[in-house]
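**Student:** Same order as they appear, the protein sequences are chains A and B. Quick note on numbering that gives the first Met the number 0: the first sequence kicks off at 0 and runs consecutively. Quick note on numbering that gives the first Met the number 0: the second sequence kicks off at 0 and runs consecutively.
By construction, these hints were calculated from the structure, which means they are not laboratory data. From a predicted model like this one, the values you see are computed outputs, not experimental measurements. Each hint should be verified, as a subset may be incorrect.
[As the list claims (entries may be wrong)] BS3-like mimics (lysine-lysine), calculated; alpha carbons at most 30 angstroms apart, straight line:
1) Lys75/B with Lys30/A
2) Lys68/B with Lys371/B
3) Lys83/A with Lys159/B
4) Lys159/B with Lys207/A
5) Lys124/A with Lys83/A
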Amino acid sequence: MKTQTLLVLGFATALVIASSGCKTAPPRVSKLPDPAMTGSGASTSPTPGDGAALAGLDKSGTSSVDGGKLSGLSGSTDLPNDDKLRDRDMDRSEFANQTVYFEYDRSSVQPDQASRIDQVAAQFKTKGAAFDLLIEGHCDERGTEEYNRSLGERRALAIRELLIQSGVDAGHVFTRSFGKDQPATVGHDESAWSRNRRGEFILVLPKKIITTQNQQ
Amino acid sequence: MKKFLVLIFSSVSLAVFAADNNVIVRINTDPLGFPPPIPVSLTGFSGEVDSVLRFDLSFMGFEFVSPDKARYNIAKNSAAGVGAQITDPLSRQGIYNKAFTGGGTRQQTHALADDIAQTLTQKPGIAQTRIALKARPNDYGAGEIFIADYDGFNAQPVTKDNTICAAPAWAGRSTLLYMSHKLSSKPDILSHNLSTGARKAIARFPGMNSSAAVSPDGRRVAMILSKSGSPDLWISDLDGGNLKQLTMTKEDESSPCWSPDSRTVCFVSRQSGKAQLYTVSVSGGAMQRVPIAGVANPSEPDWSPDGKYIVFTANMGGFQICVAPMEGPLRGTATTLGAGEDPVWAPNSRAVMFVKNVNHRHVLALLDVPSKKTKEISRIPGDASQPSWAR
Numbered sequence: 000m001k002t003q004t005l006l007v008l009g010f011a012t013a014l015v016i017a018s019s020g021c022k023t024a025p026p027r028v029s030k031l032p033d034p035a036m037t038g039s040g041a042s043t044s045p046t047p048g049d050g051a052a053l054a055g056l057d058k059s060g061t062s063s064v065d066g067g068k069l070s071g072l073s074g075s076t077d078l079p080n081d082d083k084l085r086d087r088d089m090d091r092s093e094f095a096n097q098t099v100y101f102e103y104d105r106s107s108v109q110p111d112q113a114s115r116i117d118q119v120a121a122q123f124k125t126k127g128a129a130f131d132l133l134i135e136g137h138c139d140e141r142g143t144e145e146y147n148r149s150l151g152e153r154r155a156l157a158i159r160e161l162l163i164q165s166g167v168d169a170g171h172v173f174t175r176s177f178g179k180d181q182p183a184t185v186g187h188d189e190s191a192w193s194r195n196r197r198g199e200f201i202l203v204l205p206k207k208i209i210t211t212q213n214q215q
Numbered sequence: 000m001k002k003f004l005v006l007i008f009s010s011v012s013l014a015v016f017a018a019d020n021n022v023i024v025r026i027n028t029d030p031l032g033f034p035p036p037i038p039v040s041l042t043g044f045s046g047e048v049d050s051v052l053r054f055d056l057s058f059m060g061f062e063f064v065s066p067d068k069a070r071y072n073i074a075k076n077s078a079a080g081v082g083a084q085i086t087d088p089l090s091r092q093g094i095y096n097k098a099f100t101g102g103g104t105r106q107q108t109h110a111l112a113d114d115i116a117q118t119l120t121q122k123p124g125i126a127q128t129r130i131a132l133k134a135r136p137n138d139y140g141a142g143e144i145f146i147a148d149y150d151g152f153n154a155q156p157v158t159k160d161n162t163i164c165a166a167p168a169w170a171g172r173s174t175l176l177y178m179s180h181k182l183s184s185k186p187d188i189l190s191h192n193l194s195t196g197a198r199k200a201i202a203r204f205p206g207m208n209s210s211a212a213v214s215p216d217g218r219r220v221a222m223i224l225s226k227s228g229s230p231d232l233w234i235s236d237l238d239g240g241n242l243k244q245l246t247m248t249k250e251d252e253s254s255p256c257w258s259p260d261s262r263t264v265c266f267v268s269r270q271s272g273k274a275q276l277y278t279v280s281v282s283g284g285a286m287q288r289v290p291i292a293g294v295a296n297p298s299e300p301d302w303s304p305d306g307k308y309i310v311f312t313a314n315m316g317g318f319q320i321c322v323a324p325m326e327g328p329l330r331g332t333a334t335t336l337g338a339g340e341d342p343v344w345a346p347n348s349r350a351v352m353f354v355k356n357v358n359h360r361h362v363l364a365l366l367d368v369p370s371k372k373t374k375e376i377s378r379i380p381g382d383a384s385q386p387s388w389a390r
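Please model the complete structure; the sequences and the hints are all you need to start from.
**Tutor:** So, in structure tokens, the structure goes:
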């Protein structure tokens, strides 16, 4: 009992000694800058909604890849330059019935879906060289956003891999991920989720040379 | 008796103080090793000043008690603007007496809160920090980047791209990196100077460019690029130069974050067949798994500024915010903190901002990690997600 009291007294004394010497002084006043002067940026930034304003944005600088040869999909297939797709019309109906569906949290193409890719390959190969193919990868809502963005891309790439194996020229096949941002069906059950885990095929039409709308 | 006391002192940390002859002993038993909240009393404040002070201080390691139970008494002082005097009831001495003028009431109160936190915890406050986020007017489709005060006030749009913008990441306090579909109708990474409004592409390669994360030393960005045929982890200088590939896996990587010394990147990979956390050195080499115990399917990790913890989302039939030490014998052992996703650390390595799902609408919320207390931030327009906290 005595030891405890001594200990507490010792503490209290130490604290008093440590904090002694602080006299009560008038408050020190700090003046903050006016919020309008702190230039938070968005109010002064130009509205970046205009495509023309962004035309000057150039590609990233030098890209010297360190490390060895990529052992990824299809050997060392770097993806083709998708500047090719700029200002091209997209036909979503051509392959609308061949949308490929995926299992939850998987990017591998299931055997029962593979025939859809074969059909797309066969059909696409009959188009001329001026056509391209875009695969959009999507996820259901049950993954976090960046995880799903990567998974959607990986799904599109898995489909691309099979198309290339079916003889489609790799330089004509592009991928795009939407993560979970564009579900086919809005809903929060498996019937919606199963329809959202998908890869869609879009036929990219040849670049237009003549505009026909002013004729007649 | 002496031996017993020595044992107590060596195994726990004690805060012993006395007020009015009552001895109050506080033993720190926080399993994560956070210091206990400092009990303070707040008197004399009212209205917005009172509510903002309480909000701010509750995420900086304080709790509110009656004056007789407080370690420090904080009272409104008589100065103009927003000010406080702090008394130490043990010594009965005043240890602080300051006020803030200029700006607006909220700004003054945030400045006071930070100054109180700095004075009493010797750590910088977070009340004057800012966040960036993605907001959508409706549930799906387009998203734009916004910045706001950490409490959700003063939200301002950064983009007006009318397409999908996402994954903002601060580079210092006046530049934001984010993903936008604006340039190529697919994910590209842009760098946006908030002071001038100028922006440029720093990663606009074929395929997907997303998940930018800026190193704490401000020199590099880690990101996920699929240009080599699979979504892999790459790093580059902040302007996009000196690009270097850090992973070469068949499956996809996502959501990188940085160690405080800017030498290691922690990220998610599906290489094993399911989501796991890994680290890799910026100088290259094999990726190392971070074994997580107690929860499954980790994603969207964030490494605390003090290096001690990662916070992440576990996906187990619903999203859970989890924290795990990154050091010591309990490395990777997860504690769940509550329902939510996509957490990001505050600069004080104690508070976390995350995304709550409220009837399928996303709302930002703040979390005090040791107490697990949360407060929604409800002033962001639309559906809000993907917070990034400026350090």
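**Student:** Among the hints numbered above, which are violated by the structure, and what are their numbers in rising order?
**Tutor:** none
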